[in-house]
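**Student:** Okay, here's what each chain looks like letter by letter:
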Amino acid sequence: MLVSYKWLQDFFEQELPSPEEVAELLTFGAFEIEGIEKKNDDTVIDVDVLPNRASDCLSHRGIAHEVSVHTGVLLADDPLGGPIPELENRADTLRVEIEDNQLCPVYAAALIRGVKVGPSPDWIKERLEVLGHKSINNVVDATNYTLLSIGQPTHVFDAHKLTQKDSSIGVGVRFAKKGEGITTLGGAEYTLTDTMSVIVDMHSDLPIAIAGVKGGTTAEVDEQTTDIVIESAKFNPAITRRTAQELALRTDASKRFENEVPNELPFYGIKLVVDLILKIAGGELVGYAGNVSQGKRPYTLGVSVNEVNKTLGTSLSDSEISDAFDKLGFQYERIENPIGRILELASTLVGKPYKYGASVSKDAPTCFDCSSFISYLLAKSGIFAPRVSADQYVWAQKIEERKMHPGDLIFSNSRNGTIWYKTHEFIPGVEIKEGVDHVGLYLGEEKVIHATRDPGEVVIEKLSESKSFKNIVGYRRIVEKDEERFVVNVPFNRLDLRKPVDLIEEIGRVYGYKNIEGVPLPEFENKEKGSEEYEKAEYVRSTLTVAGYTEIYTYSLTGNGEVKLANALASDKDHLRSNLSDAMKEKLEFNERNVPLLGLYKGVRLFEIGHVFTKKGEEVRVCIGGSGGGKKVQADIGAALQTLGVHPAKIADEVAEFNLSDVTVTGERQKHMNIKKETSYRPISPYPFVLRDIAVWVPESTRSHEIIEVVKTHTKDLLVRDDMFDEYKKDGRVSYAFHLVFQSDQKTLTDREVGDVMKHIEDDMKKRGWEVR
Amino acid sequence: MYIHPITGAIREIVSIFSEMGFMVADGPELEDEWHNFDALNVPKNHPARDMQDTFWLPDAPDTETGGRVMRTHTSPVQIRWMKTHTAPIRIIVPGKVYRNEATDMTHEAQFYQIEGLAIDETVSLAQLKGTLGHFFSKFFGGDVEIRFRPSYFPFVEPGVEVDMRISGDGVSEKLRNKWIEIMGAGMVHPNVLNGVGINPKKYQGFAFGVGLERLAMLKWGIDDVRAFHTGDLRFIQQFRAEK
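Line order of the protein sequences matches chains A and B. Per the working numbering, residue 1 is the first one in the first sequence, and the count goes up by one each step. Per the working numbering, residue 1 is the first one in the second sequence, and the count goes up by one each step.
Everything labelled a hint here was simulated from the structure, so no lab data went into it. Computed from a predicted model, the values in this text were never measured in an experiment. Some clues are possibly wrong.
Stated by the list, open to error - Calculated cross-link-like contacts (lysine-lysine; reagent style DSBU-like; alpha-carbon spacing at most 30 Å):
| id | chain 1 | residue 1 | chain 2 | residue 2 |
| --- | --- | --- | --- | --- |
| 1 | B | K243 | A | K499 |
| 2 | B | K243 | A | K632 |
| 3 | B | K201 | A | K712 |
| 4 | B | K201 | A | K422 |
| 5 | B | K243 | A | K536 |
| 6 | B | K202 | A | K499 |
| 7 | B | K83 | A | K536 |
| 8 | B | K44 | A | K178 |
| 9 | A | K677 | B | K178 |
| 10 | A | K433 | B | K201 |
| 11 | A | K462 | A | K447 |
| 12 | B | K44 | A | K433 |
| 13 | B | K202 | A | K481 |
| 14 | B | K44 | A | K527 |
| 15 | A | K362 | B | K201 |
| 16 | A | K671 | B | K243 |
| 17 | A | K422 | A | K462 |
| 18 | A | K398 | B | K201 |
| 19 | A | K527 | B | K202 |
| 20 | B | K96 | A | K615 |
| 21 | B | K202 | A | K422 |
| 22 | B | K138 | A | K529 |
| 23 | A | K296 | B | K178 |
| 24 | A | K564 | B | K44 |
| 25 | A | K38 | B | K178 |
| 26 | A | K671 | B | K178 |
| 27 | A | K573 | B | K96 |
| 28 | B | K138 | A | K677 |
| 29 | B | K201 | A | K447 |
| 30 | A | K585 | B | K96 |
| 31 | A | K527 | B | K83 |
| 32 | B | K243 | A | K529 |
| 33 | A | K499 | B | K178 |
| 34 | A | K527 | A | K671 |
| 35 | B | K44 | A | K362 |
| 36 | B | K44 | A | K573 |
| 37 | B | K201 | A | K39 |
Work the whole structure out from these sequences, hints included.
**Tutor:** Right, here's the structure in full:
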């Protein structure tokens, strides 16, 4: 996301560090920075917001907040700082109709009359333009400004272009009809499918926008527009994503919706955009329609100092943790003895009604079932517990009856209704032979508090007298040690914070990963057996390498095979290979062309180990191949097969292919060789090589390398390889013969160029009294 | 005698990690959706599952295991191992992976990855840092600094991007004293442990995954990722075996 440095500065009273320093802070504290660019009198920073942070950080406010976290400077002006705006004055002339809440969980709308559409003030134009957005008019710019400011997409319709009926207008959200067409702003036409959703003019049912993606021309705002309907909603992330993808129409709005907009954000959004329009385009707010904002109990998460340090491998103090939470702007409570708090809270809930399947997030503390009661109590003390009784039974620590303390859990099998014999979500599938369906909290002195069907509320009973606990199956402890916990109210826009470990990550990145000292893993004796397949493959590799074969790796995606892909890069890569032999033959032929360059005058020898895919399934195969004389190759391969204990019937032509599992490991294991130290790669020249042979008589005392030294004084960088292929002594002289391979990495060498070099070499040799043959 | 640089790199890495008690594990390249995505806490509508990122087979999805895919990472092997073994765990997983993307000098539709996983009661982010530092200094030679940057992968939390900087005389000019972005890593997400039957209340661990060709390219100065799979001996013969 492109971020204006000047805009960021507007959120603070104190002066921010330089753009480069801000970028650095973000890089190590939050997000990668793709680039920094000076533009006019501003600097634009390209921030690569992580996908899990889209719900709070695809906006200037979000990035400003991150800057605040890592500088310690508080936001002076936070548009999300106040409570969720209440949209009180309802407009009875504006209606909103949602076909399915799944499509659109939140839709807030506003009606403004009497706006004057015209150019935006310069300060808005500047902000939009520096970020690459064209200024359209004050009303449309206000929506773009809101999106860039807090990340909430909004849209404006011309109210007069909506059908009026019974003195009201309205908008609706529904699935598109198959084949339904729409022309979007800018004039492009799209044909929709019935998995996409649209905003419609309620009384005509005609589409006026592709929901969450782009507005249509039917109700477009223009210079004559005076009355407007403003939309600020939350659309289904999956549907938005699929729609944008299928239409190849990814917009700033769809990007936000597909990553999930927090439920509360549309209310901040509509307030912000309405206020802005009234300020820069005038008009009068008639009122709001659609959903009413509902204050929800915040999601709570808790951690202890020990848990944080155990995961990060640090030794942070409690004050370092509270410092991190303060910087993050989290509201939190430090609960010194969470079990004590659980007991205290529990007794305040006596009499709350029982409701089977009550939700912890939505129903508590209004009503409970037995396990939601426990789950709620624990959550309030910052202990993250599973939701159902069977899972709680396995999750908590087993204790004996005689060791029971107040704050322990008692589980029973009431033999009535649904009894759990397996865990559900916590380590799913763990068997519970004794069966569990009920749980209560022990209060001490033989008393238990629990939410129960009979008499249908939260009650305190004597254990011995409780019908629910006639058949106790076990006793459990919630935490080993009742230690202090930090219980955080997760901010509404942090949809990524749902598990205690998410809080630990927050602490880690605010504390600074650079401050975490690396330490080694403790010594460990691994009692497991590693992959036999790998061991065997290594045995084959070493054996064949010593026998003169070179390993190759080839592509698994080919043009033919027994298994086809649904989606392929190209028609020559739309199958999975069903053998290694085809590629082997091709590579033998390919390398055969380069024999002089490779010095493999006696033939190429290759092998590959890899997965193949046939109708039967996936197999690991070995393939051996050779070139340069059929009989010799067959004999060589036969010998190799014998060493590997594979039946020679596997040889076909000059290639043998067999399953890795056919190999028998015998005798001493080869020591696996490594690549030489100081190996450094040189790119392969794309130009052809030229082969020349030279044979020369020299005195018997002359060594072969002396010949090559003479050769090299004339060849510069062009001699890429020399191989001696003959040595013959006679009458006090010796004849050496070499293959000389010439190649340039700059150009194609001509015959004449090489001929000239050869002539220089021969002349030099003759001068030395050597006889060139 | 020559050693293919993929084999050479895997061999050195495996040897460094086996000294730290890691065992080699393997698994199929043709995976099911459950092992490749669901078990790794990848949400159902995550973009990684799209046709433009992943190779799918045309068969109808199985109700339990979903569709079939060419594995997009070696991480499904973590799942297979954890489902059949108990903690503590230390494994290293070399293997071929597939991505539906166009090829160029630094991208391939198939490449090798090497994955590490350590699970125990106290395995920590600090131990991840220490382990990676040790690994890189052994693999590249020289003194290695490691730094973490916040990142996001659904199967780890916290998730980090790992950079390294090597100093020392024996280090090539190209590598020396430069921060290089090298891999993704993090603490195994409790959802992943929970799903494979390892008690997330008792056990925790780290995981990392690194592109093998990329490591080899840095180590030996190879400029084109496509060279690894050509079977061209002009390439492979540059990697002589140490006798």
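**Student:** Next, verify each hint and record whether it holds.
**Tutor:** Results for each hint:
1. B:K243 - A:K499: Between K243 of chain B and K499 of chain A the Cα gap is close to 53 Å, so the pair fails against 30 Å, i.e. violated.
2. B:K243 - A:K632: Between K243 of chain B and K632 of chain A the Cα gap is close to 27 Å, so the pair holds against 30 Å.
3. B:K201 - A:K712: The given pair, whose Cα atoms are some 70 Å apart, is violated under the 30 Å limit.
4. B:K201 - A:K422: holds, 18 Å
5. B:K243 - A:K536: holds, 21 Å
6. B:K202 - A:K499: holds, 16 Å
7. B:K83 - A:K536: The hint holds at about 24 Å.
8. B:K44 - A:K178: holds, 25 Å
9. A:K677 - B:K178: This hinted pair holds, its Cα atoms lying about 21 Å apart.
10. A:K433 - B:K201: Given that 30 Å is the threshold and the Cα spacing comes to 22 Å, the pair holds.
11. A:K462 - A:K447: holds, 5 Å
12. B:K44 - A:K433: violated, 33 Å
13. B:K202 - A:K481: holds, 14 Å
14. B:K44 - A:K527: violated, 36 Å
15. A:K362 - B:K201: Cα-Cα ~26 Å, so holds.
16. A:K671 - B:K243: Distance of about 10 Å is within 30 Å: holds.
17. A:K422 - A:K462: Distance of about 29 Å is within 30 Å: holds.
18. A:K398 - B:K201: The given pair, whose Cα atoms are some 14 Å apart, holds under the 30 Å limit.
19. A:K527 - B:K202: holds, 20 Å
20. B:K96 - A:K615: holds, 20 Å
21. B:K202 - A:K422: Measuring from Cα to Cα gives roughly 20 Å; hence the hint holds.
22. B:K138 - A:K529: Judged against 30 Å, a Cα distance of about 24 Å means the pair holds.
23. A:K296 - B:K178: Violated. K296 of chain A to K178 of chain B sits at ~49 Å, over the 30 Å cutoff.
24. A:K564 - B:K44: holds, 24 Å
25. A:K38 - B:K178: holds, 26 Å
26. A:K671 - B:K178: Given pair K671 of chain A, K178 of chain B is violated - Cα atoms ~35 Å apart, limit 30 Å.
27. A:K573 - B:K96: This hinted pair holds, its Cα atoms lying about 16 Å apart.
28. B:K138 - A:K677: holds, 12 Å
29. B:K201 - A:K447: holds, 29 Å
30. A:K585 - B:K96: holds, 22 Å
31. A:K527 - B:K83: holds, 17 Å
32. B:K243 - A:K529: holds, 29 Å
33. A:K499 - B:K178: Cα-Cα ~36 Å, so violated.
34. A:K527 - A:K671: Given pair K527 of chain A, K671 of chain A holds - Cα atoms ~23 Å apart, limit 30 Å.
35. B:K44 - A:K362: This hinted pair holds, its Cα atoms lying about 24 Å apart.
36. B:K44 - A:K573: holds, 27 Å
37. B:K201 - A:K39: Roughly 51 Å between the alpha carbons, so the hint for K201 of chain B and K39 of chain A is violated.
Figure legend: structure checked against the earlier numbered hints; hints not met, in rising order: 1, 3, 12, 14, 23, 26, 33, 37.
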